[in-house]
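With the hints as extra help, turn the sequences into a complete structure.
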Amino acid sequence: MNIQNYISSGILEFYAMDALSVIEKQEVESMMEKHEELKLELLEIQKTLESYASLHSIPPPSTILQLVVETVTKDGVSSNKQPVANIAALRRIQHFKYIAIAATVLLVLSAALNWKYYLALEKANTEIAFLNQEQEKLVNNFNSMQATYDVASVELEVLQNPDNKIVKMSGTENHPESMAYVYWNVESQEVYVKIGNLPAPPTQKQYQLWALKDGIPIDAGVFDVEKGLLKVKDIEAADAFAVTLEPQGGSKQPTLEDLQVIGEIKLI
Amino acid sequence: MNSTNITKTLQSNHHLENNPNISEKQLVALLKAHNKVALNLLYDNYAAALYGVIMRITRSQHHSENILQDTFVKIWKNIEGYDSNKGRFFTWMLNIARNSAIDFVRSKAFRADSRTDSISEQVYTPDILSTETNIQTIGLRKIVERLDPTLKQIIDLVYFQGYTQREIADQFDIPLGTVKSRVRIAIRELRKLM
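Going down the list, the sequences are from chains Z and F.
Heads up: take any position in the first sequence, counting from 1, add 1, and you land on my numbering.
Heads up: take any position in the second sequence, counting from 1, add 577, and you land on my numbering.
Treat the hints with care, since some could be wrong.
To be verified - Mimicking BS3-like on lysine-lysine, the simulated pairs with C-alpha atoms at most 25 Å apart in a straight line are: (1) F:LYS654 / Z:LYS26; (2) F:LYS602 / Z:LYS40; (3) Z:LYS75 / F:LYS663; (4) F:LYS729 / F:LYS757; (5) F:LYS613 / F:LYS654; (6) Z:LYS35 / F:LYS613; (7) Z:LYS169 / Z:LYS75; (8) F:LYS729 / Z:LYS48; (9) F:LYS613 / Z:LYS75; (10) Z:LYS48 / F:LYS757; (11) Z:LYS35 / F:LYS663; (12) F:LYS685 / Z:LYS48; (13) F:LYS609 / Z:LYS48; (14) F:LYS663 / Z:LYS26; (15) Z:LYS40 / F:LYS609; (16) F:LYS651 / Z:LYS75; (17) F:LYS663 / Z:LYS40; (18) F:LYS663 / Z:LYS48; (19) Z:LYS195 / Z:LYS267; (20) Z:LYS26 / F:LYS729; (21) F:LYS651 / Z:LYS26; (22) F:LYS769 / F:LYS663; (23) F:LYS769 / Z:LYS48; (24) F:LYS757 / Z:LYS40; (25) Z:LYS169 / Z:LYS253; (26) F:LYS769 / Z:LYS40; (27) Z:LYS26 / F:LYS757; (28) F:LYS602 / Z:LYS26; (29) Z:LYS48 / F:LYS719; (30) F:LYS729 / Z:LYS75; (31) F:LYS651 / Z:LYS48.
Unchecked claim - Looking from chain Z toward chain F, a few residues come up when the C-beta cut is under 7 Å (computed): (32) GLU14; (33) MET18; (34) TYR53; (35) SER55; (36) LEU56; (37) ILE59; (38) PRO60; (39) GLN67; (40) LEU68.
It should be emphasised that the hints constitute simulated quantities derived from the structure, not laboratory data.
We treat Cβ as the ideally placed atom computed from N, Cα and C, and that holds for glycine.
Below is the structure:
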């Protein structure tokens with residue numbers, strides 16, 4: 002490149018005013034190393050600009066020098082400053098590292114405890130469900146025992162009552178295995194049936210009790226096959242009791258073909 | 578401005594070249610040795626010029642004082658970065674002062690603080706303000722009167738407002754190559770006048 006053209010281009014002026022990119026600056030500097038005349042030209046340009054800048058001079062307040070001296074004394078020399086900052090930064094990083102490690106350890110501990118408590122909670126929930134079931138069973142058992150006791154105590158009361166007559170009704174020829182009892186209180190006229198052995202009736206059919214007085218059947222009410230004493234209708238007078246199988250709700254006259262059990266009242 | 582200041586200002590063109598006690602080279606050596614005496618010498622010889630340039634850029638006394646202080650601290654701390662093969666020491670210091678001031682003026686903090694026009698508005702504002710308000714010395718006035726206003730404006734945009742070649746080209750609607758040659762002509766004219 003022609004050096005005179007390079008000078009004329011004006012690039013040295015921009016270099017002197019620090020108005021070039023880093024790459025452009027490096028180019029100018031490498032050119033100056035090779036060509037002494039470029040350096041001389043640059044010095045002239047710089048002198049001119051320095052003079053131009055100096056034309057703007059204004060004396061500053063003298064306090065600024067004192068502030069500068071204080072600042073550089075406080076900071077120490079330049080070479081010391083960077084390492085101090087780096088050590089401080091390093092300390093901060095290490096500090097952060099310890100915090101991070103501690104945080105991680107706490108997180109792992111927390112997760113382990115969470116898992117442990119989760120398992121314990123699951124176990125407790127299962128136990129509670131199991132205990133609830135057990136309690137329900139016990140309550141059911143108790144209720145059924147209570148029911149049985151209630152039935153038994155009523156039955157016992159009836160049996161112990163001296164006014165009650167016990168009539169055993171035995172199976173007929175058709176149903177020799179069947180058997181039932183009637184407890185009849187002569188005073189209060191209350192009647193109870195106690196099933197000894199009666200098969201479950203066919204659908205749409207129901208057992209009906211009859212009182213027989215002088216050969217005439219009197220309706221004593223229908224009953225289902227249940228445990229304990231079954232209260233039926235009151236009866237004033239009777240010589241015997243019988244049970245027939247009748248349509249649901251009972252009949253007005255007994256269906257004698259379906260006579261199940263019968264028993265006469267015996268004077269004890 | 579009184580006559581003493583004017584005389585001082587005119588003398589400041591010469592700086593250490595005419596200082597019988599110490600040379601620029603010796604001052605740099607003292608600074609590199611971290612000798613605080615150098616700060617006093619530096620201040621006596623260059624503070625007014627640096628402060629004037631900073632004032633010219635920021636137009637704020639308060640901010641200029643802070644930037645001048647900052648500039649001296651930077652000179653002290655970065656003295657190892659000065660290489661006499663790459664130019665003159667005074668130019669190196671002026672560039673630190675100029676860059677600090679221009680960076681500050683372009684910062685959001687300064688713009689919000691001083692309610693100055695944005696850079697883009699400044700592009701279209703004629704440089705009348707600077708020629709009228711910043712003629713601080715008789716020397717400057719003489720120079721300005723004899724320098725072509727357009728040439729002066731180009732130098733000031735680069736030197737005091739940190740414009741790039743591209744921004745100047747856009748401002749004057751001229752090619753990049755012409756920007757450089759105009760700046761060269763402007764500085765050649767300045768050299769003749771001084």
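Hint check:
At most 25 Å may separate the alpha-carbon atoms for a hinted pair to count; F:LYS654 and Z:LYS26 meet this at roughly 22 Å. Restraint check: the Cα-Cα separation between F:LYS602 and Z:LYS40 comes to about 17 Å, which is no more than 25 Å; the hinted pair holds. Our distance criterion of 25 Å between C-alpha atoms is broken by Z:LYS75 and F:LYS663, whose separation comes to about 31 Å. For the given pair, F:LYS729 sits about 14 Å from F:LYS757 by alpha-carbon distance, which is consistent with the 25 Å threshold.
Note on F:LYS613 and F:LYS654: the hinted pairing holds, with a Cα-Cα distance of about 12 Å set against a maximum of 25 Å. For the given pair, Z:LYS35 sits about 37 Å from F:LYS613 by alpha-carbon distance, which is inconsistent with the 25 Å threshold. A C-alpha spacing of about 124 Å is found between Z:LYS169 and Z:LYS75, which places the hinted pair above 25 Å, so the restraint is violated. Of the pairs offered as hints, the one joining F:LYS729 and Z:LYS48 holds, with about 17 Å between alpha carbons and a cut-off of 25 Å not exceeded.
Restraint check for F:LYS613 and Z:LYS75: the C-alpha separation of about 13 Å stays at or below 25 Å, so the hint holds. For the given pair, Z:LYS48 sits about 18 Å from F:LYS757 by alpha-carbon distance, which is consistent with the 25 Å threshold. Pair hint Z:LYS35 plus F:LYS663 holds up; C-alpha atoms about 13 Å apart against a cutoff of 25 Å. The straight-line distance between the Cα atoms of F:LYS685 and Z:LYS48 is roughly 33 Å, outside the 25 Å bound, and the hint therefore fails.
Restraint check: the Cα-Cα separation between F:LYS609 and Z:LYS48 comes to about 23 Å, which is no more than 25 Å; the hinted pair holds. A threshold of 25 Å between alpha carbons decides the hint, and for F:LYS663 with Z:LYS26 the separation of about 10 Å falls inside it, so the pair holds. For the proposed pair Z:LYS40 and F:LYS609, the alpha carbon gap of about 23 Å is at most 25 Å, so the pair holds. Under the criterion of a C-alpha separation no larger than 25 Å, the hint pairing F:LYS651 with Z:LYS75 is consistent with the structure, at around 14 Å.
Restraint check: the Cα-Cα separation between F:LYS663 and Z:LYS40 comes to about 8 Å, which is no more than 25 Å; the hinted pair holds. The straight-line distance between the Cα atoms of F:LYS663 and Z:LYS48 is roughly 14 Å, inside the 25 Å bound, and the hint therefore holds. About 17 Å separates the Cα atoms of Z:LYS195 and Z:LYS267, which keeps this hinted pair within 25 Å; it holds. The straight-line distance between the Cα atoms of Z:LYS26 and F:LYS729 is roughly 24 Å, inside the 25 Å bound, and the hint therefore holds.
The suggested pairing of F:LYS651 with Z:LYS26 holds, with an alpha-carbon distance near 21 Å, which does not exceed 25 Å. Our distance criterion of 25 Å between C-alpha atoms is met by F:LYS769 and F:LYS663, whose separation comes to about 24 Å. The straight-line distance between the Cα atoms of F:LYS769 and Z:LYS48 is roughly 12 Å, inside the 25 Å bound, and the hint therefore holds. A hinted pair counts as satisfied when its Cα atoms are at most 25 Å apart, and F:LYS757 with Z:LYS40 qualifies at roughly 18 Å.
In summary, the hint linking Z:LYS169 to Z:LYS253 is supported, as the alpha carbons are separated by about 24 Å, within the 25 Å threshold. For the given pair, F:LYS769 sits about 20 Å from Z:LYS40 by alpha-carbon distance, which is consistent with the 25 Å threshold. At most 25 Å may separate the alpha-carbon atoms for a hinted pair to count; Z:LYS26 and F:LYS757 meet this at roughly 15 Å. Between F:LYS602 and Z:LYS26, the direct Cα distance comes to roughly 24 Å. Compliance with the 25 Å bound is thereby established for this hinted pair.
In summary, the hint linking Z:LYS48 to F:LYS719 is supported, as the alpha carbons are separated by about 18 Å, within the 25 Å threshold. Between F:LYS729 and Z:LYS75 the alpha-carbon distance is near 42 Å, which puts this suggested pair outside the 25 Å criterion. Proposed proximity of F:LYS651 and Z:LYS48 is supported: the alpha carbons are some 22 Å apart, at most 25 Å. Because the beta carbon of Z:GLU14 sits about 5 Å from the nearest beta carbon in chain F, less than 7 Å, this interface hint is met.
Look at Z:MET18: its Cβ gets to within about 5 Å of chain F, closer than 7 Å, so that hint holds up. Taking 7 Å as the C-beta cut-off, the interface hint given for Z:TYR53 holds, the closest approach to chain F being about 6 Å. Satisfaction of the interface hint for Z:SER55 is found here, the shortest Cβ-Cβ separation to chain F being roughly 5 Å, below the 7 Å cut-off. Annotation: Z:LEU56 was flagged as interfacial toward chain F, and the flag holds, the nearest CB pair being 4 Å apart, inside 7 Å.
The closest approach between the C-beta of Z:ILE59 and any C-beta of chain F is roughly 4 Å, which is under the 7 Å cut-off, so the hint is satisfied. Because the closest C-beta pair between Z:PRO60 and chain F is about 5 Å apart, less than 7 Å, the hint holds. With a cut of 7 Å, the hint placing Z:GLN67 at the interface with chain F is violated, because the nearest CB-to-CB distance is about 10 Å. With a least beta-carbon distance of about 5 Å to chain F, the hint placing Z:LEU68 at the interface is held under the 7 Å criterion.
Checked against the numbered hints above, the structure breaks hints 3, 6, 7, 12, 30 and 39 and satisfies the rest.
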